[in-house]
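Student: What follows is each chain in one-letter form.
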Amino acid sequence: MRAPVNTAAVQRRVVATVRAAGGDHPEVAASVLAVRGTSGLAPDAFARRAGVHPDVLRRAEAGEICRDQLPGPLRRMVPPA
Amino acid sequence: MMIRMSPAPASPTPPTTDPFTVEAIMARLAAGDTAAIFALAEHHGHRIAGVVRRQLRTCGVESVGPDDLQSLVLDACMELHGVAGAWRPGGALPWWWAQGRIQAVVNRWVGIHADPLEDHWSRADREVEPSAPSVEESLIAAFARLVAEDPRVRLVAEAARAAKVDDVALVCLLDYQIQQVQGDPSPAHTLAERYGTTPDAMRQRICRGRRRLRQVVATDPRFADLSELELVA
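Chains as they are written, first to last, in numbering that gives the first Met the number 0: chain A, 0 to 80; chain B, 0 to 232.
Source of the hints: derived by calculation from the structure; they are not laboratory data.
Just so it is clear, the structure is predicted and the values come from calculations on it, not from any experiment.
Please note: incorrect hints may appear among the correct ones.
Claimed, not checked - Where chain B lies over chain A, by a calculated footprint (3+ residues, C-beta under 8 Å): (1) 12-18; (2) 25-37.
Said to hold, decoys possible - In silico negatives: residues of chain B with every beta carbon more than 10 Å from chain A: (3) V21; (4) G59; (5) P88; (6) A91; (7) Q98; (8) G99; (9) Q102; (10) F142; (11) R193; (12) R210; (13) A217; (14) L228.
The beta carbon of each residue, even a glycine, is placed where N, CA and C say it ideally should be.
Next up, chain A with everything else stripped away, as it sits in the complex (with noise of 0.2 Å):
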């Protein structure tokens, strides 16, 4: 088997760490986090590429902001709730 898990799976984990370290939309930190993970990208050149800055990036994944109010290339990245 080559890949025994999958990025849902991944995210479910993730989404329970931002919220345990007090994230209040940490389902839109996870799924900014996925992106960028999979991207293999550091958090500059990632926000770079998406066109924002930096500091919306961490605070995204730090799931400080809830899906209405990221800018548009990072809220493509998350799923409507």
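Fit chain B to the supplied structure of chain A, relying on the hints for placement.
Tutor: Chain B in isolation, oriented as in the chain A frame:
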């Protein structure tokens, strides 16, 4: 295991063309980049699964369902995230280096799922339920229990008292030894984080504790039996 969330680092990826090498992913995890867990699971999950299966076999579990395997691999990934800062490139691959921790993950799972019928019968006859050996106990609690149960461990505790090595320092010394036995290439780094100190201070603490203990064991005939313990070697 609780993973500490850190702010996304500025540029944790080392200068390499492939961001999915073990070294690159571990460097990102060590820098607190939670996103790297996805890369670890996706690109190296099958290797971690191999270690998990091997550990399961040592517990007598020959086959495991895909959901359970996925869950165990994820637990192992989380463990690797927690100790990524102590791993050094050039040595064993992280999942071999930290196989003691992966074994603990597997033991917990086996402990939860193993429920043989005899246990129900024997449990009914006992007033006090024994603790399952597969459940990870805190080192302090385990040591306190062993002091009460095992005369040799009690002697170690007495020697530590005579050497003016306090309980925390003694547990730290034991923890250090456990890390070494588990193949941790830098126990001082691992424990420094756990005990909220620096690796240098941790090395000093270990060195001082071991020296005092060794001195007492060498000079006090009550503790002569401990002279061959690795703890004081």
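Student: Can we confirm that no CB of chain A comes within 10 Å of the CB of A217/B?
Tutor: Holds, since 48 Å exceeds 10 Å.
Student: Measuring Cβ to Cβ, find out whether R210/B lies farther than 10 Å from everything in chain A.
Tutor: holds, 40 Å
Student: Does the claim that G99/B lies off the interface hold, with its Cβ farther than 10 Å from every Cβ of chain A?
Tutor: holds, 21 Å
Student: Beyond 10 Å on every Cβ pair: is that true for F142/B relative to chain A?
Tutor: F142/B is indeed farther than 10 Å from all Cβ atoms of chain A, at 28 Å.
Student: Find the nearest Cβ of chain A to the Cβ of G59/B and say whether that gap is larger than 10 Å.
Tutor: holds, 21 Å
Student: A cut-off of 10 Å on Cβ-Cβ distance, and P88/B was said to be off the interface with chain A. Does that hold?
Tutor: Its Cβ never comes within 10 Å of chain A, the nearest being 17 Å, so this holds.
Student: Is the nearest Cβ of chain A still more than 10 Å from the Cβ of Q98/B?
Tutor: holds, 17 Å
Student: Holds or violated: is the Cβ of Q102/B farther than 10 Å from all Cβ atoms of chain A?
Tutor: holds, 18 Å
Student: Regarding the assertion that V21/B does not contact chain A, is the least Cβ-Cβ distance greater than 10 Å?
Tutor: holds, 13 Å
Student: Has the stretch 12-18 of chain A got at least three residues whose CB is nearer than 8 Å to a CB belonging to chain B?
Tutor: Per the Cβ count (4), the hint holds.
Student: Mind taking a look at whether chain B covers the stretch 25-37 of chain A? Criterion is 3 or more residues with CB to CB distance under 8 Å.
Tutor: holds (count 5)
Student: So L228/B supposedly isn't at the interface. Is its beta-carbon more than 10 Å from every beta-carbon in chain A?
Tutor: The claim holds: L228/B sits with its nearest Cβ about 39 Å from chain A, beyond 10 Å.
Of the numbered hints listed earlier, not one is contradicted by the structure.
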